[in-house]
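Participant: Fit chain B to the known structure of chain A by using the hints.
Next come the chains, spelled out residue by residue.
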Amino acid sequence: MSVENSFRVFLIAVGICAALYGPPWLPFVPMILLAMRFRAWEVMLLGLLTDFLWAPSLHVPLYLISAIAIVWAFEPLRRELLLS
Amino acid sequence: MYATALIIIIFLLDLVAGGRLRASARLGASDAYISFTQISERVFGSGLFFTRAQLAAENSQLRAELAQYQADDAAYKAANDENARLRSLVGLAAETPGRAANIVSSLNASAYGTFTIDAGIEDGVSRGSVVYTPDGYAIGIIAETSSHSALVTELFAPDSSTEATTGDAHIVLVGQGGGNARAQAPRDSAISEGDVVRAPSVDAPVGVVGHVEPSANGADTEVYVRIPANLRTLTLVYVGRK
Numbered sequence: 025m026s027v028e029n030s031f032r033v034f035l036i037a038v039g040i041c042a043a044l045y046g047p048p049w050l051p052f053v054p055m056i057l058l059a060m061r062f063r064a065w066e067v068m069l070l071g072l073l074t075d076f077l078w079a080p081s082l083h084v085p086l087y088l089i090s091a092i093a094i095v096w097a098f099e100p101l102r103r104e105l106l107l108s
Numbered sequence: 129m130y131a132t133a134l135i136i137i138i139f140l141l142d143l144v145a146g147g148r149l150r151a152s153a154r155l156g157a158s159d160a161y162i163s164f165t166q167i168s169e170r171v172f173g174s175g176l177f178f179t180r181a182q183l184a185a186e187n188s189q190l191r192a193e194l195a196q197y198q199a200d201d202a203a204y205k206a207a208n209d210e211n212a213r214l215r216s217l218v219g220l221a222a223e224t225p226g227r228a229a230n231i232v233s234s235l236n237a238s239a240y241g242t243f244t245i246d247a248g249i250e251d252g253v254s255r256g257s258v259v260y261t262p263d264g265y266a267i268g269i270i271a272e273t274s275s276h277s278a279l280v281t282e283l284f285a286p287d288s289s290t291e292a293t294t295g296d297a298h299i300v301l302v303g304q305g306g307g308n309a310r311a312q313a314p315r316d317s318a319i320s321e322g323d324v325v326r327a328p329s330v331d332a333p334v335g336v337v338g339h340v341e342p343s344a345n346g347a348d349t350e351v352y353v354r355i356p357a358n359l360r361t362l363t364l365v366y367v368g369r370k
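Sequence lines, in order, name chains A and B. In short: position in the first sequence from 1, add 24, done, that's this note's numbering. In short: position in the second sequence from 1, add 128, done, that's this note's numbering.
Pulled out of the complex, with its shape left as it was, chain A reads as follows (with noise of 0.2 Å):
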């Protein structure tokens, strides 16, 4: 596996931990950071993953809804600055 792959695995890992145990604001961080350096998907997966720890059913999904903001704001952020 390659750097790169081995850091964005750390992240994705860093964020489910951060989802189960940490406080609130703290799954942003490697959401922000994955968002910035790949074309990550799985910031998607981690807000749904935050949300359906900690979210009642019909509650607006917060997370959710920040993931996608952060994946598409960054998408052309990412490219400006060349991330990736």
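Read the hints as simulated data drawn from the structure, not as lab findings. Hints are not guaranteed to be accurate.
To be verified - Derived DEER-like restraints, expressed as beta-carbon distance ranges:
id: 1; chain 1: B; residue 1: Phe172; chain 2: A; residue 2: Ser26; range: 32 to 40 Å
id: 2; chain 1: A; residue 1: Pro100; chain 2: B; residue 2: Asp159; range: 36 to 44 Å
id: 3; chain 1: A; residue 1: Pro100; chain 2: B; residue 2: Asp348; range: 45 to 53 Å
id: 4; chain 1: A; residue 1: Met25; chain 2: B; residue 2: Asn208; range: 52 to 60 Å
id: 5; chain 1: A; residue 1: Ser26; chain 2: B; residue 2: Arg191; range: 48 to 56 Å
id: 6; chain 1: B; residue 1: Ser275; chain 2: A; residue 2: Pro47; range: 25 to 33 Å
id: 7; chain 1: B; residue 1: Val324; chain 2: A; residue 2: Cys41; range: 36 to 44 Å
Beta carbons are placed, not taken as given, at the ideal position from N, Cα and C, and that holds for glycine.
Facilitator: Leaving out everything else, chain B in the frame of chain A:
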């Protein structure tokens, strides 16, 4: 684009399935949480990650504590604490039919002011049931249930509001998270620190007044309410039958 659509479809599928996907996720997360807690207790309890300075500090602290603990049988104290906790649960059970349940998730990880317990529909827990501390203070309401677990929404979840009474005043508690809430009461209200705050919606005490001070403009009184139990160390709750 396809990934976004897929994620949204999964989310909608869960809604259609009545939250079954999220119940499965919570079940897995509860197992992971319990395993992680046990492993971290063993690893950090073993002193493996202590630095020399930490060990030296701990050593001197332990020497000081030793003198105290020689006179105080720790085993007896632990058993006594456990006994008191169970006794309070028995007292609560006599007044309110229900069952005890363990907290199987972190209490500070949720942005929604929620946590998971290991009792569900098949254990007699239903949506809307009130969740109490062993001391009998209501701390939450069951928001969702699956077969053997349930999601609890804290009464003092951030920005939640709960009508309550204390002293001679009716107040609206605005949750601050972490078992704390604040409210505004008329300035001539007879509210003092230590007063019990009751919520008619759950027909139980929900906290005690921790601090009272005049508001910035002087027109009202700011009332700070907290749950007497430490939520971070709470592992056992009592779920009333609805």
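Participant: All hints are to be evaluated individually against the structure, with a verdict given for each.
Facilitator: Outcome of the hint check:
1. A C-beta distance of roughly 33 Å is found between Phe172/B and Ser26/A, which places it inside the suggested range of 32 to 40 Å.
2. The hinted window of 36 to 44 Å between Pro100/A and Asp159/B holds, with their beta carbons roughly 40 Å apart.
3. Between Pro100/A and Asp348/B, the C-beta spacing of about 48 Å keeps the proposed range 45 to 53 Å intact.
4. Between Met25/A and Asn208/B, the C-beta spacing of about 54 Å keeps the proposed range 52 to 60 Å intact.
5. Our hint of 48 to 56 Å for Ser26/A and Arg191/B holds, since their Cβ atoms are close to 52 Å apart.
6. Between Ser275/B and Pro47/A the Cβ separation comes to about 30 Å, which falls inside the hinted range of 25 to 33 Å.
7. Our hint of 36 to 44 Å for Val324/B and Cys41/A holds, since their Cβ atoms are close to 39 Å apart.
Figure legend: structure checked against the earlier numbered hints; every hint is met.
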